[in-house]
Each structure stands twice: as structure tokens, then as C-alpha cells.
Amino acid sequence: MCAKTNYSFLLLTMTALSWPPSGAALAAEATSAPLANTGDAAGGAVGDAAGDAPAEGEALDDIIITGEKANRTLKETTTSVAVTTPARIAQENIQTIQDIYDRTANVAQTYGAAGFTIRGIGNTGVSNAGNADAATVYVDGAPIPGAALFGGPTDMWDVAQVEILRGPQSTIQGLNAMAGAVVITTRDPAADHWAGDARVQWTDQQERTFSAAAGGPLVADELGLRVAAERRVNDGIIENKVLGDREDALRSLNLRGKLKWTPKALPDLTAVLSYDRTRRDGGYLYQYVRTDVPDYYDHRTSFSNRPNIGKVDTDIATLNLSYKLSDALTITNVASWNRLRQDASQDSDGTPADIEVVDNKTKATTYTEELRLNYAGDRFSGLLGGWYYNRDLAVDADSHVTVTTPLTTITNLLRGAGFPAATASAISAAYGKVLPVIPVSYQAHQPQQVETAALFGDGRYRLTDRLSLLAGFRYDHEQNRYGAGTATQFTGTYPDPAAFGAAGTPLNLAVQAINRGVAGIVAQAASATASNQRTFDAFLPKAGVSMDWTPDLVTAFTVQRGYRSGGSSQNAAHAALVPYDPEYSWNYEGSVRSTWLDGSLAVNANAFYTDWSDQQVTARFSDNVYDYNTVNAGKSHLYGVELETTHKISPVVDWYASIGYLRTKFDELHLPNGSSATVDLTGSEFPYAPHWTLAGGVNLHFGGGFVANLNANWRDAVFTAVGATQGQYRVGARAIANTRVGYDAGLWGAYLFVNNLTDEHYAQYVLTSQNRAILGAPRTIGGTLEVHW
Numbered sequence: 001m002c003a004k005t006n007y008s009f010l011l012l013t014m015t016a017l018s019w020p021p022s023g024a025a026l027a028a029e030a031t032s033a034p035l036a037n038t039g040d041a042a043g044g045a046v047g048d049a050a051g052d053a054p055a056e057g058e059a060l061d062d063i064i065i066t067g068e069k070a071n072r073t074l075k076e077t078t079t080s081v082a083v084t085t086p087a088r089i090a091q092e093n094i095q096t097i098q099d100i101y102d103r104t105a106n107v108a109q110t111y112g113a114a115g116f117t118i119r120g121i122g123n124t125g126v127s128n129a130g131n132a133d134a135a136t137v138y139v140d141g142a143p144i145p146g147a148a149l150f151g152g153p154t155d156m157w158d159v160a161q162v163e164i165l166r167g168p169q170s171t172i173q174g175l176n177a178m179a180g181a182v183v184i185t186t187r188d189p190a191a192d193h194w195a196g197d198a199r200v201q202w203t204d205q206q207e208r209t210f211s212a213a214a215g216g217p218l219v220a221d222e223l224g225l226r227v228a229a230e231r232r233v234n235d236g237i238i239e240n241k242v243l244g245d246r247e248d249a250l251r252s253l254n255l256r257g258k259l260k261w262t263p264k265a266l267p268d269l270t271a272v273l274s275y276d277r278t279r280r281d282g283g284y285l286y287q288y289v290r291t292d293v294p295d296y297y298d299h300r301t302s303f304s305n306r307p308n309i310g311k312v313d314t315d316i317a318t319l320n321l322s323y324k325l326s327d328a329l330t331i332t333n334v335a336s337w338n339r340l341r342q343d344a345s346q347d348s349d350g351t352p353a354d355i356e357v358v359d360n361k362t363k364a365t366t367y368t369e370e371l372r373l374n375y376a377g378d379r380f381s382g383l384l385g386g387w388y389y390n391r392d393l394a395v396d397a398d399s400h401v402t403v404t405t406p407l408t409t410i411t412n413l414l415r416g417a418g419f420p421a422a423t424a425s426a427i428s429a430a431y432g433k434v435l436p437v438i439p440v441s442y443q444a445h446q447p448q449q450v451e452t453a454a455l456f457g458d459g460r461y462r463l464t465d466r467l468s469l470l471a472g473f474r475y476d477h478e479q480n481r482y483g484a485g486t487a488t489q490f491t492g493t494y495p496d497p498a499a500f501g502a503a504g505t506p507l508n509l510a511v512q513a514i515n516r517g518v519a520g521i522v523a524q525a526a527s528a529t530a531s532n533q534r535t536f537d538a539f540l541p542k543a544g545v546s547m548d549w550t551p552d553l554v555t556a557f558t559v560q561r562g563y564r565s566g567g568s569s570q571n572a573a574h575a576a577l578v579p580y581d582p583e584y585s586w587n588y589e590g591s592v593r594s595t596w597l598d599g600s601l602a603v604n605a606n607a608f609y610t611d612w613s614d615q616q617v618t619a620r621f622s623d624n625v626y627d628y629n630t631v632n633a634g635k636s637h638l639y640g641v642e643l644e645t646t647h648k649i650s651p652v653v654d655w656y657a658s659i660g661y662l663r664t665k666f667d668e669l670h671l672p673n674g675s676s677a678t679v680d681l682t683g684s685e686f687p688y689a690p691h692w693t694l695a696g697g698v699n700l701h702f703g704g705g706f707v708a709n710l711n712a713n714w715r716d717a718v719f720t721a722v723g724a725t726q727g728q729y730r731v732g733a734r735a736i737a738n739t740r741v742g743y744d745a746g747l748w749g750a751y752l753f754v755n756n757l758t759d760e761h762y763a764q765y766v767l768t769s770q771n772r773a774i775l776g777a778p779r780t781i782g783g784t785l786e787v788h789w
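The sequence shown begins at 1 in our numbering and counts up by one.
Keep in mind that the hints were calculated from the coordinates and are not lab data. Be careful, since some hints might not be right.
[Unchecked claim] Per label pair, the in silico range of CB-to-CB distance:
1) Arg251 <-> Leu273: 21 to 31 angstroms
2) Gly674 <-> Pro307: 34 to 44 angstroms
3) Ala513 <-> Ala733: 13 to 23 angstroms
4) Val403 <-> Asp680: 55 to 65 angstroms
[Unchecked claim] The calculated EDC-like cross-link candidates involving lysine to aspartate or glutamate, where the alpha carbons are at most 20 angstroms apart (straight line), are:
5) Lys264 <-> Glu207
6) Lys363 <-> Asp327
7) Lys635 <-> Asp680
8) Lys69 <-> Asp349
9) Lys264 <-> Asp221
10) Lys635 <-> Asp611
11) Lys363 <-> Asp349
12) Lys311 <-> Asp221
13) Lys363 <-> Asp295
14) Lys75 <-> Asp61
15) Lys361 <-> Asp295
16) Lys75 <-> Asp62
17) Lys241 <-> Asp327
18) Lys324 <-> Asp398
Cβ coordinates follow ideal geometry from the N, Cα and C atoms, glycine included.
Using the sequences provided together with the hints, build the complete structure.
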């Protein structure tokens, strides 16, 4: 579809969505459309606690969006944002951030807990090239390294709100936000009363969770404290037949403390200090099971001879200082520090033989500082801020890998030495039977350092009481340094030349030469430690217009530039660090925010079209398996719609739903002269970019404390790889239903829940060549006991 057609699609979609329907049409829409948000996100929370029932005729509560740093309501926010409140977390028994990904329009998990996509763009990109992330998860304002996401502080105990901002957030968030951002805010302390919560949860899948949180005033009405803790113990369901243990067993502990100070001597000052400590010891970030055994879904097995482990330690500290200079002007300073230690080791071949193991240890320290002025006047409101970011990260690899023996290269070399083509092919094939793969011991040290300073602004000006102009910008200055040093060693046995021919014969001499060539390939992959520093400057504008047609109907259109920084990549064959440039995108987006039925029904939508250029892809420059590096050669586009709603029908029933539609495509791949791609990306879709995502749920409040929730989500089939052959890497659609029923007595509650109610059998990734797959969670039945005081 050409750009003109897509812009027409976007504008027509927004016009249709913003046209006020008749009463009959609205009733039909409310009863038949498969709509809406991550639950109460579209227009407000469904209650302050899981058991709260909406009052008859009560309007939806306002949701305040914090991810854009302006504290606007959802109706005032043009960005497509899905919000999950504490009520939704409790009602659906949401445990992790991955549970929220599954319930959000145009958001998907990749495989295991390895990552996620927003509008089809993975948090680490879409083409397996480049060092910068494309989306970031923030916890209380601190950006979390991608390596921590499968075991870091992203569980949902004592969380106040989760926002998933879809589409480029480069103007406000800066680097690592081309796809969007995930903003997690934990609960603040209270300074006027003591309160606490505790929960015990267990399941039939050998998982137990113990959670507690409590807080109150240390100094009445001035200084409040809140502490939270959660311990998860999971014995696992994947049996390793070789090692005799459970491959996905898990032990984790999350501790958090927060202080909030509002001194009476400085009534306009608010200071919040938080510290989060997470320790996770368990299986790898994703776990394979064998698919060549009977009933593999219900009897999950592994035959790895090496343990597949994933240990993550994170520490996060944030300090948020806010001072109200006047009724309209506030100054805020947010500082964050976080430290990551990760040990991830995987038996790559998945067999009892000791063939391949990948062992990576990651260390990272990140510091950020943001100083911001927020202004809220009658006509103009906005913010102006400065941002500093510094991350030191190092990856140390100690792995044993195998590389397919390059038989085509060997054949060509033999022909060049005078062997006839048929003879050269025969020798090469015979050699390949003896040495089909080259076993290599590989050690690497890869330090990275990123330092960024930015100036940013965002605002709106009311031309009239109904029409507003929107504008924003970010000037981003980044300096990054990437280093790499590798050591390699051949760990196998070379074919014996005497087995091919007598000493001194051409065949014997040819095999000796091939052995030397293989040794040279391994030696070429080694390089002394070197580093390369790059500097980038980016200007990222944003502009738009918003129209308040009525107090209950607001539409807007914005244009915004997205950005993913450049860097350097290692070409091991040439022992060189090769620079590559940033990626850029232009995002065109329309939005509708509307409320109906006296404010009890909210219907919100966004439609978008994105042009993406200078994409970072991998290019190969010879038959040498190590002769590759990152280049800017790709161009893509994507478009789609998110439609979300929530409705408080009565004190007994409220419901919510969402639908996402998405199309992605690699349009062009222009590689440098003399290079080639492992796969041709042209015409393929992005991985884990489902065309359709649907979710919805209903809450029932029966009176007398009895409550129930039924929710479901459906994800279309996805490709798990890119390129012209991606049809071989496809996993089918899946539908997951969940329920939670119980009794809420106010000070205590007891609940029964079932996840994957229908026991849907589905895969997240299939590795056909090794008869292995990453499977979705089976039906899980559990119970919860809670107390509140």
C-alpha cells in the first residue's frame, strides 16, 4: 500500500471514529464491538479495590497519565496509552508485566520472558542488529536494562499503575523509545494513617507466592514510609531427564522501600525516595521442551546435559523532588541509579552430548538525572526539561559453539588450486562428513558506555476554548563507546589427511591445506580488545492539533519523529569495529477520546502510520562465517488501529475490551556493494507482529462481598523470524481465558483462580531443526488468601 493510500486510511478511520453515533448505533456498538483497553485504562478504574462496586450512574474516574511527565488525564493525552490500575491487577490476578503484555492491544510477548513488541517493534529492534533498545521499561522513573526484564523488578505486587505508551516516545523519553515505553509506578507511602496488605497464593503447578506490604506516618502528616516484599517459589514443570531436576524451577525475592516527605515548613515541597532490590535465581529467560516425545505439552521434558540458568540481581534507587513555585509552575528533579548483574547460561544444542553452551555474564550501572519545569495556565500548558543519562555495561562471554563447515568455500579454494570441479566437490563433501561443524571455544569481553544529554519540551496552546495547537521537541546529544575483544580456539579433532590419501599425494596435501584453512577461520575470529567512540546529534520535533468538539468528544492529529541511536559493531573476520548510523521514523497519528451515557462509557481510539528509514541490519561480506557487521540498509512501514473501551453498567456489572489491528512490512533492503544478507528482508513482516490482538473482561459484584472476573485475550498467528523464508517460522493464533472468583470481606478475602481456563495448547517459538519448542503456560488452578488492615 502506498503512503498516500495509508494516509487516506488513517484519516478516514479517525473521521469515522469521531462521528457521533445515534443512540441506536451507540447501543449496537456497545453490545457488538470487540473493543477496548487494558481494562479500566480506557476511562478510569473500576474501583479502588478488587471488591469495590461502581455506584449506579457513577461516571468513570479520571486516569492521570504520568508517562508523558505532564500529569494529564487520559482524555487530554493524544498518545495511545493503555493503563492498568491496581483494581485491574487484583481482579485478574495479574502477577507479572508479561501478563499485561498479553492483555494489551498491539502489544505481544516474544518468547518466554525474553522481550516484547509494541506495534510490532521489538524492545531490541526487529532485525537482530544494533546495540540500542527500541523500547524501555521504567520503574519509578528508572530505566531498566533490557537484560533485566526477564527477572528484574517487573512483578505487579504493590504496584500503583502500569502505562504502556504505544508509538515513538523519543520527544519525551529520548533514547531507546522508538517503539514506545512501559512505565511502572509503585505505591507511595501515606503520612496520615497506617495500613498494610498481605497475600498467600499457591497453584497446582507447584508455585507459591508470599507477599506483604505495610506503611504509615513516621512523622504525622509529613513523613510516610512504605515497605513491600514478595517471595516466589516455583518448583517447575520441565523435567530434565539428564540432570534429574526441574529446568524452570524459580526462586525470587523482591524488596522495596519508599519514603515520602511533605514538610510543613516547606508545604510546596514533595520528596519521594525509593529503593528496590530484586534477586532472581531460576531457569534461562526462556525454556525449551522436546517435541519428539509423546504428549510433550502435558509432560514437558528436556535432555540438556548443561543446566539452563538465569540469575538476575538488580538494585534501583530513585529520588523525586518536586517544588511548587506558584499555582501554575512546578519544578521537578528526578534522579535514578540502578545496577544489574546477570548470569545467563544455556545448553544451545539441547542434547545429552556436550556440543554447545552459551554463557553470558552482564554487568550494568545506569545513572539518570532529569530537571523539569511544568507550567499549567489557562491558555498554555507544557513542560521544559533537561536530561542526562550514563550507562556502563559489559558482557563477558565464555561459550562453546559450533560453526557449519563452509563446504562451498572449500570447493572454490580447491578449484582455484587446480582440482577439477567434480573432484573439488567430492573432496569437500568427504571432508564435511568427517567435520560437519567446526567446534570453537569462544571468550569475549564487550564493554559499552553510553552518555546522553538532552533538552526537551512539550506543550499545548489553546487558540480557542475548543481548538488547541500541540508541539514538542527534543535535542539529543549522545556519545557512545563500544569495545570488543575475543579469543578463540579450535576444540575438535581435525580430519586425518592420511585417511584421504597417502602422504605426499595431492589429496593428502589438499586435506592438510583445508585443515590449515579451518584453523585460520577460527584464528580470524580472535581479536585484541579495541573500542570505537561515536557521537550523534538528533533533533526530534512533534506537532499536532486537538479539537474539543464537546466536553465528551476530543480528537487530535500529531506528527512525530522517532529515533534509535547508532553505534559500532564487531566484524570478527577483520578484527574491526565498524560504525553504523541512527535509525529514524516519522509517525502520523490520529486519536479520539470520548465518553458516553453520562460518563459511564468510554470509547477511545488511535490510528497510526509510520515510515521507518535507515534501519540497522546485518550484512555479510564474504563466505567467512565471521565476516559480518551492522549497516544501515533497511526501510519499512507499519500502520494500524487501537480501539479500547470500558463501561460501568450498574453496581453489579462493569466490562472492558480492546482490539488492535497491525500491518508491518520491510519495503527495501539496499546493502553496500560487495555484501549480502543472510536472509532477504524485503517484503517480510516484523517478527511477533500479530495482525489482530483482542482482549476483554467483565467484573461481577454479587453483593454480600462475592465477586467474580472473567477475562480473555486472543492473539493472531505470528512469524517468529524475518526474511523471505519466514513462512517456515510461524506459530498459530491462540486464545487464553482466565477467571477469578471469591469473597471480599473488606479486611480479608479468599479467591479461587484459573489461568488458561480451556487449557489451550500453544507454542511461542518452534525450533523444528532440533525438535524443540518454547511452550505457553498450561492451565493453572490456584487459590489466594488476603488480609488488609
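Okay, the hints, checked on the actual structure:
1. Arg251 <-> Leu273: 21 to 31 angstroms: 28 angstroms, holds
2. Gly674 <-> Pro307: 34 to 44 angstroms: 43 angstroms, holds
3. Ala513 <-> Ala733: 13 to 23 angstroms: Violated: the Cβ-Cβ distance is about 53 angstroms, outside 13 to 23 angstroms.
4. Val403 <-> Asp680: 55 to 65 angstroms: 22 angstroms, violated
5. Lys264 <-> Glu207: The hint is violated at about 46 angstroms.
6. Lys363 <-> Asp327: This hinted pair is violated, its Cα atoms lying about 44 angstroms apart.
7. Lys635 <-> Asp680: Since the Cα atoms of Lys635 and Asp680 sit roughly 13 angstroms apart, the hinted pair holds (cutoff 20 angstroms).
8. Lys69 <-> Asp349: This hinted pair is violated, its Cα atoms lying about 46 angstroms apart.
9. Lys264 <-> Asp221: 8 angstroms, holds
10. Lys635 <-> Asp611: 8 angstroms, holds
11. Lys363 <-> Asp349: 26 angstroms, violated
12. Lys311 <-> Asp221: Roughly 41 angstroms separates the two Cα atoms, so the pair is violated.
13. Lys363 <-> Asp295: 40 angstroms, violated
14. Lys75 <-> Asp61: 11 angstroms, holds
15. Lys361 <-> Asp295: 35 angstroms, violated
16. Lys75 <-> Asp62: Distance of about 8 angstroms is within 20 angstroms: holds.
17. Lys241 <-> Asp327: 67 angstroms, violated
18. Lys324 <-> Asp398: 52 angstroms, violated
Of the numbered hints listed earlier, those contradicted by the structure are 3, 4, 5, 6, 8, 11, 12, 13, 15, 17, 18.
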